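With the hints as constraints, model all of the structure from the sequences given.
Protein chains: 6
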Amino acid sequence: MKFELENSVEVKDKIRSFRAAILPIGAVEAHGPHLPLGTDNLLATRLADKLAERTESFVLPPFSYGQVWSLRNFPGSINVSNEALIRLLADIGESLYQQGFRIFIMLNGHLGNAVALKEVARMLYERVPELKVFYFFYPGTKEITAQVREASAAHSTYMHADEIETSYMLYLADEYVDMTKAIDGAPQIPIEADFTPTPWEEMTSSAVLGNATLATREKGETIIERSLEVMSEIVLRAKSSL
Amino acid sequence: MKFELENSVEVKDKIRSFRAAILPIGAVEAHGPHLPLGTDNLLATRLADKLAERTESFVLPPFSYGQVWSLRNFPGSINVSNEALIRLLADIGESLYQQGFRIFIMLNGHLGNAVALKEVARMLYERVPELKVFYFFYPGTKEITAQVREASAAHSTYMHADEIETSYMLYLADEYVDMTKAIDGAPQIPIEADFTPTPWEEMTSSAVLGNATLATREKGETIIERSLEVMSEIVLRAKSSL
Amino acid sequence: MKFELENSVEVKDKIRSFRAAILPIGAVEAHGPHLPLGTDNLLATRLADKLAERTESFVLPPFSYGQVWSLRNFPGSINVSNEALIRLLADIGESLYQQGFRIFIMLNGHLGNAVALKEVARMLYERVPELKVFYFFYPGTKEITAQVREASAAHSTYMHADEIETSYMLYLADEYVDMTKAIDGAPQIPIEADFTPTPWEEMTSSAVLGNATLATREKGETIIERSLEVMSEIVLRAKSSL
Amino acid sequence: MKFELENSVEVKDKIRSFRAAILPIGAVEAHGPHLPLGTDNLLATRLADKLAERTESFVLPPFSYGQVWSLRNFPGSINVSNEALIRLLADIGESLYQQGFRIFIMLNGHLGNAVALKEVARMLYERVPELKVFYFFYPGTKEITAQVREASAAHSTYMHADEIETSYMLYLADEYVDMTKAIDGAPQIPIEADFTPTPWEEMTSSAVLGNATLATREKGETIIERSLEVMSEIVLRAKSSL
Amino acid sequence: MKFELENSVEVKDKIRSFRAAILPIGAVEAHGPHLPLGTDNLLATRLADKLAERTESFVLPPFSYGQVWSLRNFPGSINVSNEALIRLLADIGESLYQQGFRIFIMLNGHLGNAVALKEVARMLYERVPELKVFYFFYPGTKEITAQVREASAAHSTYMHADEIETSYMLYLADEYVDMTKAIDGAPQIPIEADFTPTPWEEMTSSAVLGNATLATREKGETIIERSLEVMSEIVLRAKSSL
Amino acid sequence: MKFELENSVEVKDKIRSFRAAILPIGAVEAHGPHLPLGTDNLLATRLADKLAERTESFVLPPFSYGQVWSLRNFPGSINVSNEALIRLLADIGESLYQQGFRIFIMLNGHLGNAVALKEVARMLYERVPELKVFYFFYPGTKEITAQVREASAAHSTYMHADEIETSYMLYLADEYVDMTKAIDGAPQIPIEADFTPTPWEEMTSSAVLGNATLATREKGETIIERSLEVMSEIVLRAKSSL
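Residue numbers (UniProt numbering), protein chains in the order written: chain G, 1 to 242; chain U, 1 to 242; chain L, 1 to 242; chain A, 1 to 242; chain H, 1 to 242; chain V, 1 to 242.
Hint data in this document are derived by calculation from the structure and do not stem from the laboratory. Among the hints, erroneous ones may be present.
Given that identical chains are not distinguished, each listed pair holds provided it fits within a single copy or across any two copies.
[Said to hold, decoys possible] Below, a list of computed lysine to aspartate or glutamate pairs in the EDC-like style, where the Cα atoms sit at most 20 Å apart:
(1) 12 <-> 201
(2) 50 <-> 150
(3) 239 <-> 194
(4) 2 <-> 83
(5) 142 <-> 225
(6) 239 <-> 175
(7) 2 <-> 130
(8) 12 <-> 202
(9) 239 <-> 192
(10) 181 <-> 91
(11) 181 <-> 233
(12) 14 <-> 178
(13) 2 <-> 194
(14) 12 <-> 178
(15) 14 <-> 83
Fair warning: this is a prediction, and the values are worked out from it, not measured in the lab.
What follows is the structure in structure tokens.
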């Protein structure tokens with residue numbers, strides 16, 4: 001189902017049949033000592049493969065560069081602006097519509113991209129209203145995560161290289177995890193961080209926002225599978241309403 | 001040497017030691033019946049791996065979306081604008097500089113990106129003059145290609161899904177080539193095509209711009225290795241002059 | 001403390017003394033039958049007056065036009081784009097810095113502006129790093145609101161013309177509330193609404209996202225005063241660190 | 001007739017009946033020792049109220065930030081760029097059209113905004129040609145002003161904090177004028193000022209461009225009432241031609 | 001003194017000596033039956049030659065495309081946007097500064113360009129503050145024109161293909177004037193034209209805004225020479241203050 | 001056939017009859033000691049006159065400012081950005097279409113403009129698809145030039161102030177050539193120049209990229225006449241297909 005491995009002659013009918021394209025979107029970003037810089041890319045790509053299988057959709061080549069303002073000063077992070085991200089993803093969406101796709105799923109593995117993706121979706125809503133656009137960042141996992149987690153969350157919104165994200169990796173891409181280097185990095189996040197620009201080096205030196213040592217494959221599986229159910233349902237509902 | 005598989009703790013010193021980052025840039029684009037849509041991405045990525053090895057450089061995650069104006073109406077092509085491409089790649093370059101890189105190589109597998117890449121390089125020349133930026137599209141292969149090729153070129157500049165590019169694929173990514181479907185597609189290209197916007201559907205229905213059946217792994221190897229030599233030399237010279 | 005009522009001769013020293021400027025930002029947007037279109041403007045302005053008093057800050061003339069994409073098709077809503085909003089607010093921030101201000105508080109009464117304000121704050125962080133920029137949307141009220149509210153929230157993030165916002169109005173601007181028209185409007189919000197562009201007319205005809213009839217001045221006072229404490233503390237801490 | 005005090009349920013029919021919306025546009029700008037920074041906002045708002053009454057139009061919340069390049073270095077001035085101003089006002093105009101308005105009056109109290117407003121009107125002429133857009137800066141007052149004024153004008157175009165503008169304030173917002181501080185500030189304006197960028201601090205320290213001590217409420221009333229007549233006539237003519 | 005006829009070897013010292021560059025800016029625009037479309041270009045170029053002589057300045061190749069919104073629907077008019085005009089002229093100004101020029105004179109023959117030129121001058125004031133930038137549109141001619149003219153002006157600001165502009169042509173470029181076709185075209189201009197976008201085809205079919213039959217070479221000479229004096233004085237003063 | 005010398009009354013029918021407009025585009029750029037800065041403008045303009053004659057087309061006023069990034073630091077060069085160039089030329093093209101033209105020929109005398117012109121042509125292809133747009137830079141001369149030239153080319157693409165371009169000038173504008181100053185300037189161009197931004201001052205001090213002393217009027221005539229034939233044929237074919 002990898003779109004880029006299709007050839008131009010046969011792909012036309014498949015597009016008409018599948019109608020849905022999944023774009024894995026991540027980032028290159030510091031994820032502590034135990035996870036690779038490409039963690040968000042790996043998660044998005046693996047998740048996309050699973051979602052594609054369950055919904056008979058195409059997976060596009062991953063988009064591996066994201067907006068990592070908060071962590072841009074950590075070694076290895078590559079930051080792109082919201083503005084550039086928005087333009088490029090909107091171009092991709094519009095082109096997919098021209099190709100015959102009617103459902104465009106931006107499967108996001110990096111929270112910092114959320115603002116850009118929502119803006120892209122709204123742009124496409126105006127430009128090509130017949131294209132149904134979704135932006136997913138582990139949807140439907142709030143309650144199950146609360147049940148599964150052992151340590152409390154360092155922040156109400158951010159999840160980064162912690163118990164939860166590390167568990168995702170253990171389930172989806174454990175060959176890239178080195179649990180011997182996992183640490184408990186939960187920092188004190190000042191209240192101001194929610195109301196003023198706050199580079200994360202002001203609050204953590206490891207970029208680990210929680211207790212990564214508590215991560216397990218099982219936790220990852222439980223949450224990810226729930227999210228996959230939610231996403232599958234939404235995509236299939238969209239497909240059946242075309 | 002895959003940058004995104006490094007972790008943030010160890011990568012800092014490696015950046016200081018390597019100094020050079022290679023970004024494979026391709027496109028999703030119709031390449032006839034025998035080659036996949038992601039041909040340019042596959043070529044750029046494989047070439048980047050080889051160049052990285054010879055020059056001790058990092059390979060960044062591939063950038064898989066390119067400007068494919070001419071072929072955008074062919075099934076499977078995904079087109080993005082020069083403008084969006086330029087902004088995003090310039091952001092990546094600037095961020096690499098902030099991370100300590102001093103050489104940024106855009107290894108391009110798709111001719112349609114050439115204009116954008118040159119503009120990016122000039123932008124970065126102003127913004128971060130200490131970053132040496134290269135844009136490569138099979139450099140140094142003009143003469144060797146003329147020697148190696150059996151069929152004459154369909155066009156003085158364009159090379160697409162033909163004897164040459166198919167040979168590249170046979171050398172670098174033959175698992176994705178289906179030579180049983182290769183055709184001789186050399187079209188008559190009207191002289192106007194060089195002087196007025198001309199979507200390729202006006203001159204070819206296959207997107208094969210030459211005789212792909214003449215492709216061999218050996219031809220590919222001969223040209224690609226020459227190009228690798230040229231690129232290696234340039235990158236190593238740049239490194240030694242830092 | 002209204003900045004625009006000062007004269008140019010005397011204002012110079014006052015800026016040096018106060019150092020902080022509060023910009024009330026709202027929107028013109030449908031708020032059901034019992035609340036005026038300018039609800040968010042009224043709330044932001046009244047709140048700004050109170051915060052200014054407690055922190056010895058200037059209140060700037062309100063910025064009354066916001067991004068109301070979701071409700072833009074409801075009668076009376078006036079929508080402006082994030083892009084335009086960002087540029088204009090960034091200009092204001094930069095000009096305030098030139099005038100000698102060192103703290104710029106965007107006091108936001110409309111959730112739809114949140115994305116733009118965060119982007120503005122980051123822009124100013126680059127352009128005029130010595131200016132401390134805050135964006136507030138009822139900060140510190142999550143827990144107290146959960147305690148105070150009688151009806152459960154229609155949505156985890158959105159609060160609109162409901163028990164809570166109507167209570168705010170009853171505390172801060174009750175002369176503009178007509179409780180005889182208040183309704184219980186809590187709609188069923190489809191799960192898709194969080195993942196795809198969803199104009200609110202698809203889920204509500206009243207734009208009331210909760211049970212407005214439960215609103216009381218006391219509820220409003222309890223939550224607003226808590227938020228004022230949090231904001232005052234942050235602003236005073238920022239002032240003392242100049 | 002204040003638009004933002006209407007509620008969404010009732011406003012729909014009123015828009016259909018009124019058809020015209022007036023946006024008061026001013027600036028925060030130094031106006032000497034006797035007038036407040038918000039003079040242009042106060043004038044535009046009061047004038048808008050009067051025009052609305054005579055033409056049965058809605059008054060929108062004021063837009064209080066203008067392009068004050070010439071005076072931006074005076075204490076208290078807040079400057080925004082033409083570019084930002086244009087985008088935002090064009091968004092407002094387009095949204096008003098979507099809401100059913102067919103006449104959009106930008107009632108301008110600050111000359112520095114004139115260029116932006118004219119550009120906005122032309123943009124809207126293309127985007128929403130059925131919307132009639134007016135930009136007014138005291139129209140129809142040239143002759144009557146020449147008759148009324150005692151001191152000669154400091155400049156053929158600029159009118160700032162002088163006999164005339166102070167008279168406007170005495171008529172429309174005298175509670176904010178302190179005539180005991182009024183001065184005769186008429187500077188020598190170098191001929192170059194009309195042909196090269198000339199910040200006003202190069203020619204005046206008070207920002208008073210004339211003899212403010214000669215201002216009277218009667219002068220203000222005479223000119224303002226004339227202008228109101230002219231504007232009313234134009235708006236009513238436009239309404240009757242819908 | 002034509003800059004483009006210099007060669008690169010000798011021009012360097014001349015730039016250092018002259019310091020001033022004059023850019024004639026006009027438009028291609030309908031000018032009635034008796035004047036050519038390029039009237040504004042011809043006037044700007046001839047005027048530039050005279051000014052260059054009197055001030056020892058270089059004349060740059062003319063910029064022949066202007067903003068002709070009002071007349072864009074007349075046969076032969078070529079319209080460009082303010083936005084494009086501003087960017088391009090600002091680029092030219094910045095490049096002139098890099099080349100060593102310290103005075104940049106935009107000699108404008110078309111009123112519609114005035115807004116763009118002023119914006120360009122302000123941009124350059126920020127970007128290259130050491131470059132003195134002037135924008136001239138027949139400066140210093142108000143009084144002398146009032147004395148010289150026989151017919152009253154059709155409009156307080158616009159002067160187009162009328163007694164005055166035709167006189168300019170008779171003085172500066174009479175080989176392109178056909179007085180046998182000159183007409184008295186003074187239209188009734190509705191008062192709304194100053195306050196709402198008004199394409200000129202709504203008020204004139206000839207584009208002649210006055211009585212062109214009254215034009216004489218003498219009138220042209222009188223006004224033009226006065227303007228040349230004013231401009232020369234300003235430029236020479238600027239040169240002596242470098 | 002000079003468009004700007006037409007008057008508005010008569011031009012309408014002529015546009016309908018001719019249908020084609022030629023815009024000469026050049027640059028102000030260092031061309032060594034023997035050629036003027038405006039060489040590209042002179043060549044484009046003279047060539048345009050000849051092409052217009054053979055194809056019954058209008059010649060527009062020349063556009064004399066180009067993108068001269070490589071030579072921008074040489075005395076006398078004036079550089080404008082691709083971005084500004086693209087916007088302005090696209091505006092001109094769109095306006096020509098509104099005027100009734102159906103063929104727009106950008107006759108380019110400066111290679112550095114080629115990228116911008118191609119982008120303009122593609123933009124217009126979207127905006128006004130019925131306008132046929134051509135960009136010509138000495139088309140059809142590759143083979144004849146190889147035959148005619150005595151010295152080998154300094155670079156496979158660049159041709160600048162050398163045997164060839166000087167020959168063009170001797171044929172088209174010899175009154176501006178000073179052959180006594182012509183030099184043999186062929187520099188060693190480093191291989192990197194094709195792959196990284198390389199200002200020409202790094203490889204030549206004269207800006208002469210070849211042996212200008214070998215230039216003759218005959219060589220120029222031979223090549224230019226061939227190019228004129230090619231262009232005429234293309235334009236006439238386009239005309240006959242309208």
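(message) At most 20 Å between alpha carbons: which applies to residue 239 and residue 175, within, between, both or neither?
(response) neither (34 Å within a copy, 33 Å between copies)
(message) One pair to classify: residue 239 and residue 194, alpha carbons no more than 20 Å apart. Within, between, both, or neither?
(response) Between. Shortest inter-copy distance 18 Å satisfies the 20 Å Cα cut-off; intra-copy 38 Å does not.
(request) Please work out whether the CA atoms of residue 239 and residue 192 approach to 20 Å or closer within one copy, between two copies, in both situations, or in neither? (result) between (43 Å within a copy, 13 Å between copies)
(message) Within a copy, between copies, both or neither: which one fits residue 142 and residue 225 at a CA-CA cutoff of 20 Å?
(response) Within one copy, since 13 Å is at most 20 Å while 29 Å is not.
(message) When Cα atoms must be at most 20 Å apart, do residue 2 and residue 194 count as within-copy, between-copy, both, or neither?
(response) neither (39 Å within a copy, 27 Å between copies)
(message) With identical chains, the pair residue 181 and residue 233 could be close in the same copy or across copies; at 20 Å between alpha carbons, which is it: within, between, both, or neither?
(response) neither (37 Å within a copy, 38 Å between copies)
(message) For residue 2 and residue 130, with the copy left unspecified, which applies at a CA distance of at most 20 Å: within, between, both, or neither?
(response) neither (24 Å within a copy, 38 Å between copies)
(message) Within a copy, between copies, both or neither: which one fits residue 12 and residue 178 at a CA-CA cutoff of 20 Å?
(response) between (42 Å within a copy, 18 Å between copies)
(request) Pop the pair residue 12 and residue 201 into one bin, within, between, both or neither, using alpha-carbon distances up to 20 Å. (result) Close across copies (15 Å), not inside one copy (48 Å); limit 20 Å.
(request) First find the shortest C-alpha distance between residue 14 and residue 178 inside one copy, then the shortest across copies, and answer within, between, both or neither for a cut-off of 20 Å. (result) Only across copies: residue 14 and residue 178 sit 19 Å apart there, 40 Å inside one copy, limit 20 Å.
(request) Check residue 181 against residue 91 for me: Cα-Cα at most 20 Å, and say if that holds within a copy, between copies, both or neither. (result) neither (40 Å within a copy, 31 Å between copies)
(message) Treating 20 Å as the Cα threshold, decide for residue 12 and residue 202: within, between, both or neither.
(response) For residue 12 and residue 202, only the inter-copy Cα distance (19 Å) is at most 20 Å; the intra-copy one is 51 Å.
Hint violations for this structure: numbers 2, 4, 6, 7, 10, 11, 13 and 15, all remaining hints satisfied.
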